[in-house]
Amino acid sequence: MRQSTAEHTRQTFLRVQERQGQSRRRKGPHCERPLTQEELLREAKITEELNLRSLETYERLEADKKKQVHKKRKCPGPIITYHSVTVPLVGEPGLKEENVDIEGLDPAPSASTLTPHAGPGPVNPPARCSRTFITFSDDATFEEWFPQGRPPKVPVREVCPVTHRPALYRDPVTDIPYATARAFKIIREAYKKYITAHGLPPTASALGPGPPPPEPLPGSGPRALRQKIIIK
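For the sequence shown, UniProt numbering begins at 1 and goes up steadily by one.
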């Protein structure tokens with residue numbers, strides 16, 4: 001290596017070190033000045049105001065979100081609710097066999113003792129069925145959809161005065177209920193005796209040669225135009 005080249009390299013290295021030293025002296029040590037108590041209080045006040053504004057904004061957004069989520073639509077007027085669910089099917093309880101212990105007799109071997117114990121098999125899930133519930137919000141709506149009419153009148157069961165059994169027919173002449181053909185003949189004989197003793201009623205017609213066919217009891221009340229005869 002030439003001596004001039006080595007000298008040039010040494011001079012370059014010295015110049016670089018000198019420049020770095022000048023730069024350090026120019027900048028000086030890097031240190032921050034500690035803040036005074038007044039400056040710290042002003043900075044804390046500014047930070048507090050920023051935090052309060054951020055908190056108010058957050059609370060307002062949360063309140064708007066709750067109003068949107070929990071706001072339910074109110075339906076005015078009566079409401080009919082339809083609800084369908086599945087429930088376990090409850091069957092009728094079966095008869096449980098009772099084991100009777102008789103002294104002196106050995107119990108018969110059961111199927112579990114004759115056959116080896118098998119492992120746990122697949123368990124079938126319990127049967128389920130559907131149930132539907134219809135709920136009305138008030139009684140007026142229920143009565144509107146399911147009106148309760150007047151209860152049907154129970155027909156008065158008339159009794160035959162001769163046999164004291166339920167009457168199935170009614171005599172068209174005397175308007176007396178009867179149950180059997182024998183009772184009909186007795187009623188007609190009593191009617192003949194009444195005519196013989198008191199005469200023919202004004203609204204009654206003459207008797208024919210034979211007894212007319214029996215008539216079923218009508219659904220309406222007794223005929224008011226016919227004269228009734230009490231048979232004792």
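In short, the hints are calculated from the structure, not lab data.
Being a predicted model, the structure only gives us computed values, none of them experimental.
Incorrect hints may have been included.
Below, in silico cross-link-like pairs of lysine to aspartate or glutamate (EDC-like), each with a Cα-Cα straight-line distance of 20 Å or less [what the hints assert, rightly or not]:
#1 45 / 56
#2 185 / 143
#3 74 / 56
#4 74 / 138
#5 153 / 139
#6 67 / 56
Q. Is residue 74 close enough to residue 56, meaning Cα to Cα at most 20 Å?
A. violated, 31 Å
**Q.** Satisfaction of hint between residue 56 and residue 67, Cα-Cα up to 20 Å
**A.** Holds: residue 67 and residue 56 sit about 17 Å apart, inside 20 Å.
Q. Are the Cα positions of residue 74 and residue 138 separated by 20 Å at most?
A. holds, 16 Å
Q) Is the hinted pair residue 45 and residue 56 satisfied, with a Cα-Cα distance of at most 20 Å? A) Roughly 17 Å separates the two Cα atoms, so the pair holds.
Q) Taking 20 Å as the top limit, are the C-alpha atoms of residue 153 and residue 139 close enough? A) The hint is violated at about 26 Å.
Q) Is the straight-line distance between the alpha-carbon of residue 185 and that of residue 143 20 Å or less? A) violated, 53 Å
In summary, the numbered hints that this structure violates are 2, 3 and 5.
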